[in-house]
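Trainee: Residues per chain, in single letters:
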Amino acid sequence: MYKKYINIVRIRPGGLCILLFMIFLHANVSGFAQQRRISLDEVNTPLRAIFKKIKSQTGVGFIVTSSMLADAKPVTIKVSNAGLDEVLPQLFRDQQLTYTIRKNTVAVTRKVPRKVVNEVRRSSQLKGNIKDESGNPIPGVTVMVEGAEIYTRSDNDGNFSMDMVVGGTLVFSHIGYERKMYPLNGQNEFLVTLTVAANKLGEVSVVSTGYQNINKERATGSFSKPNMDVFKNRTGTMDIANRLEGLVPGLLIKQGFNSTSTEDPNIPNGKTTNKAVIRGSSTIELQTEPLYVVDGIPITNINQFNPEDIEDITVLKDAAAAAIWGARASNGVIVINTKRALKNSGLNISYSGFVNFQGKPQLRYDNQLNSAQYIQVARELFDPVQFPYQSLGLYDAIAPHEQLLYDNYNGKISTAQLNRGLDSLSNLDNSKQIKDLFYRNAVTQNHSVSISGGSNVYSFYSSAAYTNVKSSVIGQENKTYRLMFNQEYNPTRRLKLTLSTTLGYNTDNGINSKAIDGKFLPYQLFQDGSGANTSMGYLQGLRPEIRADYEQRSRVSLDYNPYSDLYTKEIKTTNLHVNIAGGVNLKLFKGLSFQGNYGYQKAPGRRTDYTDHSNYNLRMGLVAMTVAPTAADAPIYYLPTSGGTYIESNYDQYNWTLRNQLVYATSIRKGKDQLNLQVGQEAREQFGRSISTTLLGYNQQLLNYFTPTLNNGYLPNTVTGGTYVSNGLTSSLYESQNRFNSYFALLNYTFDGKYSLDGSWRVDHSALFGSDKSAQNKPIYSVGGKWNIQREKFMDEVKWLNALSLRATYGITGNSPFAGSSATQWDVLLTPSFFTTPIAGTYADVTPKNDKLSWESTATTNVGIDFSLFGGRLSGGLDAYYKKTTDMLGSIEINPLNGFVSGRGNIGTMKNKGVEVSLSSINIRTPNFSWSSNFNIAYNQNKLISFSKTDPRSNSASSRFMNPYLVGYGLQPIFSYVYAGLNNEGNPMIRLADGTTNSTPYVEKVEDLVYNGSAIPKYTGGFSNTFSYKAFSLTANMVFNLGNVMRANVNTFYTGRLSTATGIFEGNLTTDFLNRWKKPGDEAFTNIPSYIAGYESYNRSTEYYNKADINVVSAAYAKIRDITLSYRLPELLLSKIKVKSANVSVQATNFMVWKANDRGIDPEFHDLTSGNTFLAPYRHAYSISTTFSF
Amino acid sequence: MKTKIYKASGLLLIVWLLISCKKDFLEIVPKGKLIATTVKDYDLLMNNSSLYSLNSDNGLLIMGDDVAAEQSRFQNANVANQRAFAWEDVIRDPGQEDSYTNFQLKNLFICNKVINEVTTITDGTDAERAALQGDALATRAWINFDLINRYAKPYNATTAATDPGFPLITQANINAGNYSRNPVAEVYQSIIADLQKAIASLPAKSVFVTRMSRPAAATLLGKVYLFMGRPQEALTQLNLAFADVIATPSIASLYNYNETFAPGGEFLPIGRLGPNHPGSNILKYKESILLKTLNVYPDASGLVIKPEVMALYNASDLRLNFYSNTRSDMTQVPGGLKVKYAVQYAHIGIELSDLILLRAEVKARLNDLPGAKADVEMLRRNRMPAIDAPVPTTVITGPDLVKFIIEERQREYACEGPRWLDMRRLSVDPLHAVQNIIHPLYTADGTTISRTFTLRPTRLTLRIPDNILQLNPAITDNP
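Protein chains in written order, with our numbering: chain A, 1 to 1190; chain B, 1 to 479.
Rather than coming from a laboratory, the hints here were simulated on the basis of the structure. All C-beta atoms, glycine included, are put in the ideal place defined by N, C-alpha and C. Heads up, some of the hints might be wrong.
Said to hold, decoys possible - Under the rule of at most 16 angstroms between Cα atoms (straight-line distance), these lysine to aspartate or glutamate pairs were calculated in the EDC-like manner: (1) Lys33/B / Glu735/A; (2) Lys31/B / Glu685/A; (3) Lys53/A / Glu42/A; (4) Lys131/A / Glu189/A; (5) Lys55/A / Asp85/A; (6) Lys53/A / Asp41/A; (7) Lys1079/A / Glu985/A; (8) Lys73/A / Glu42/A; (9) Lys572/A / Asp508/A; (10) Lys40/B / Asp123/B; (11) Lys40/B / Glu117/B; (12) Lys1136/A / Asp94/A; (13) Lys33/B / Asp845/A; (14) Lys672/A / Glu217/A; (15) Lys31/B / Glu735/A; (16) Lys131/A / Glu178/A; (17) Lys1005/A / Asp93/B; (18) Lys31/B / Asp845/A.
What the hints assert, rightly or not - Just so you have them, the derived chain B footprint on chain A, three or more residues with Cβ under 8 angstroms: (19) 379–391; (20) 719–725.
Pulled out of the complex, with its shape left as it was, chain A reads as follows (with noise of 0.2 angstroms):
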């Protein structure tokens, strides 16, 4: 052994100069260091270090060489009283050295290159085979020996062999699975499993319906799963469907918009996301969200849910995977699985978190004029003759460098105080104000710890998690307390019970927040040099000598102070979720088992809403309702005049499902073929109910309040008047109630592994009023079939392909016209919920019956191929549907003459067709670097065919430009006027149909628009590449939306007063008013109409410009909706620890690679229809996450 370290110290190429040390212990009695016991702590210590306190410690010396401790690696130890012989295998396992013990010295040798193993022991071999969970082979799967440059791969049948080492460890990877370890120990067979990841990119092997779990080979529907991994990262939303932008083809997420909504609006604590879109929407009235299970159990509120417990996401897209669900699932389905714990694991604690950085809004999205050009335009458009002093509104709101051209007008102040006055504005600019004082950085933090583990008969699954979101409007928060506990116990082998259990808290808190951005007038300061709050009575509308009688009279002040006024409010708003979902499964008989599954939600809530007396509407109120006819009368009050305004909501839902079902699972031909039976009953209830009071003069810390002395009465001489006195103390109170009746049966079978045939069958039955029952035996149905073309013989030489199969499937959804307030045999009245009228009792409104309301229908075609080329290399999809929805539901047009102009009704047909392509690809495969690609895209062209009723709308050329709908096009047609420019007046013109220009408004008929495509866009999809190097990973994601059109948007202020508008923040133009027409000649060069005045305005049209193709742009854009780079911790080291694994991520989000639009539009906080844009939140999101197992 000594020679052959003596040879590898010869051999060492470019082993110039070496030192050697040779460190001799001269010890007196030989063994004795060996039984001295070494204690050590040490993190990340050189190896060199730790060398010399063994020495210390034993007096055992070490032979190495210094080039051999250069390369060593750090090492994290701890023991105490270990021998040497425990110490050094711990030294050394990492290292690329290995030792010998003599009698005091340890030799410390370099590992042996695989050649030179290879000649001296090569007696045995490294070998074994590698399978998935369900027993099949995986190939290509990485098997390295962790820093020795020694891998292979398996092959086709999953075997794998190397040849034989020891000591070290072997790691098994594989793109589409868990990472796999096993200490190298003499062992030299092994049979290894890996779990499939379902958060990793590859192929995925089970989808699930929330009824039951298919092998992806078997199943016939079109099933889509995104990444999870991509899913975990995104912390910048908490929103779950905002998550899967752009991971699954064909489910369109709309962006910028504050999309929440509730199934019942009266019952707002059950908030749910609004954002998704399966396969175009079929629906022109109704809700296009799909509906969300969550294990096994339909969800109202789907964001109940913390985004780190889900394990697992299929997305439902044709009929024969969704159609199990019945009426309810022609939007789709998003089934989503919570995670649980794997049966006989240890303990495993985790942690993650994150914290997201947003920042604040970007306030100057347009570009609006600057105070200098702002002040020359007021200049120049001031025109006291058409907008006379004495005719302004007693609420029109006057702004102050209005007042002052007027006060000069009405000779109040002189020439020389006008100039000064609108020169000191012209030099002042609010935006740093507005955005110090009314915004802050916005961050989103989320911590969750989970801990898991279990046996053979039990195992749980428990988290807990904290998030806190806090938005850059000030005074707005938001915390979320969430725990979750799944369970799984199997007392006998044939029984197995799994209960779940989550349980949410969420607080939000708010003020008296306002909307206040740059189209405010740019030289209105919120705070003077001093940092006293600005006041600005204007912009309540009442002009100075108006307030000031006012104020007088009723002695209370009427100032208006913005920045003040936040903090008048007080909005709390507590929802407390809980959702326990319960399953039975019991083996019966021979393949026949008993399932059941049961859940239950309910979601107490409560909003309280205080505003104090300083409120401004507060105080406007007390003096509406104050008597003093003169400034020397004492007030006589009607309302309170301290306290505040307090009105408490308390909501309250339950939703109970209960589901029993009889499953059949055999094999028949001996294992041939399977089939799967299934037949069961669902009943399902949903209630809510809220009631609010509000209460007059509340004193919070008293509790006492006032009663008011005037109830429906008129109250005349009033302050401001005269005025009407509802009844302030008012309570209101609502409930609603449904119950649904289902059956349902399902059936798969596969024929040789080869064919697969699923079908399903549902009927539901609602509660019903006012309708006819039988109505309702309408069931819902669908066949699918699939071919796995790779298991044919023929197919056994196409080595290059893993997995080839055709799927087709046909099915009929639909949605119910019963649900809701519609009725078939008798109309309905509805009570109001208190009496406004002195005459005791009324009926407020009539739901007329409709005796031809019918079922909507969706039928759906889906054509789709799955394959796997190249060991998986390259693996994808494809899907070709059609969707033909026939008597839609909706808002009919009714004949005016009947007294309704509209009602629920059948309102026409609807096709959506498509295309959904999806590609994953691992482009780059090495040991330390691989590159993967997933790529999707969706097409889908969505056409109302026929309309039930001729709609008159569709007749005129300007309802063209409102329609969200027209028969003949996709949903949201955009048209437009095709622009001829400006007349030498610098009134915009249209080109008609006929060829002619036209200047005169309304003269434009239906054929004189033009149609320039819908704002829905065509295409949809994402495209996330991912680089591993060793423990480093780098994963861009991008989105793109193709194909749709939208309005820009322009200036739109052409008449009136340059002004600010009462009660709101606005008053500020765009740029684009600087070009606007001035003089003749000047239509040469500009398309932006001129500026009138007055009452001459209304012989031209400005929306011939506002809404001429010009104006109509591509909204088409991709952007890298986030892009991350994470690190894993070595195992290793970390292991010394006790920690399993670890992870650091950090992202930045939101960067536009590419816009079809000049305008500099964000197509994502833009209304494509109106032009109007919409406050970004924030730029780029930055966020930094963790993950811990333990």
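With chain A fixed as given, assemble chain B onto it according to the hints.
Mentor: Quick look at chain B alone, frame taken from chain A:
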């Protein structure tokens, strides 16, 4: 043994599964909803506020020739109002709905539902059901009278049988169709028939003033006859109504303005929205036989009273208290123009003053001049000092008196809408037809007329709303 337990429990589960869904599981009645089954249900339906608090977007007030407008304010009014003021052919853009008509048609649905269904229920007594049906019939007549006076030519006995009127709608069914315009004469016959049937079953005094009563239905029938040029039949009905009001004074009585405007009077103090009177205080409905109101702010969008109308008042007329040169928002009206700032609620149901003036006119037309004078003075005594109340001595002949009574109507109702209906019916009255009907638009100084709009006779009849035409191909529009 174990297997047996599983088998047994499995069977139990199946049995439970089959019985678990009880038949009444789906039989729940939602809260806040109801299907009408009793007389009380239908009765409460007739209390619907849409039947008495009407949609204010009805244009009648703007089309009357008693108003003018200030350009600087009126240019900000909504375009439909500006077009109505200019008596343009098209008031609403194509496709835009006429909300007032829609509102009345919905009320018609409620009436038809009650009329058709109340006889099929078994609840209540015959008299209760008949009275309820009478209420709905009279209300239907009131709505039809309103619609025919918007969309058909004024009643002309010689052409009424062929003049296109408005569809007669008698069912409450949203899927009904095939409507065409019934001739004007048929519509009037239907109105008369409904009212006659109603009068037979209605009580003298209704439970509340928003509900039909016998005097209300009779006054309406009298008004209908007067519009048809049949004063004799009108007189019979108006006398019937008078008899009820005299027998039961609590039905309606007049405010005496001499008292209410006297120190400490009920209409005082005069605040910034005018006196505390029925026009501003909806709870003062003492003068109403049938209360139906329109919420209006005539001055807010720049409407002023024509100076010619202001000239009709005696200086002592206490109704002048309703006018001012300060608008209700406390801004000044330029020039010498006045606004009717004190009216937020136009009463367009049936007022006692209407009954009085209708009967006075009918009597004057039937040459009962003393009777007519007595009636009109009955009102005037309550509106001005007694000394100025008598009809001026210059009014001598029957036509003079009719003219005076029509002017009294203007004094009583200026800028509240009834003038438009009077303009229409008088247009077929050769003696009293209003000539040269114009609307002036004043510039900011309040004295210069910048523009004048003239009413063409065809526009006494409105075009039919576009949404009705589009969905009813058999209906032809007015010229």
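Trainee: Are the hints correct? Go through all of them and say.
Mentor: Against the structure, the hints come out as follows:
no.: 1; hint: Lys33/B / Glu735/A; verdict: holds (11 angstroms)
no.: 2; hint: Lys31/B / Glu685/A; verdict: holds (15 angstroms)
no.: 3; hint: Lys53/A / Glu42/A; verdict: holds (11 angstroms)
no.: 4; hint: Lys131/A / Glu189/A; verdict: holds (14 angstroms)
no.: 5; hint: Lys55/A / Asp85/A; verdict: holds (14 angstroms)
no.: 6; hint: Lys53/A / Asp41/A; verdict: holds (11 angstroms)
no.: 7; hint: Lys1079/A / Glu985/A; verdict: holds (8 angstroms)
no.: 8; hint: Lys73/A / Glu42/A; verdict: holds (13 angstroms)
no.: 9; hint: Lys572/A / Asp508/A; verdict: holds (6 angstroms)
no.: 10; hint: Lys40/B / Asp123/B; verdict: holds (9 angstroms)
no.: 11; hint: Lys40/B / Glu117/B; verdict: holds (13 angstroms)
no.: 12; hint: Lys1136/A / Asp94/A; verdict: holds (12 angstroms)
no.: 13; hint: Lys33/B / Asp845/A; verdict: holds (10 angstroms)
no.: 14; hint: Lys672/A / Glu217/A; verdict: holds (15 angstroms)
no.: 15; hint: Lys31/B / Glu735/A; verdict: holds (6 angstroms)
no.: 16; hint: Lys131/A / Glu178/A; verdict: holds (12 angstroms)
no.: 17; hint: Lys1005/A / Asp93/B; verdict: holds (12 angstroms)
no.: 18; hint: Lys31/B / Asp845/A; verdict: holds (14 angstroms)
no.: 19; hint: 379–391; verdict: holds (count 6)
no.: 20; hint: 719–725; verdict: holds (count 4)
Checked against the numbered hints listed earlier, the structure breaks none of them; every hint is satisfied.
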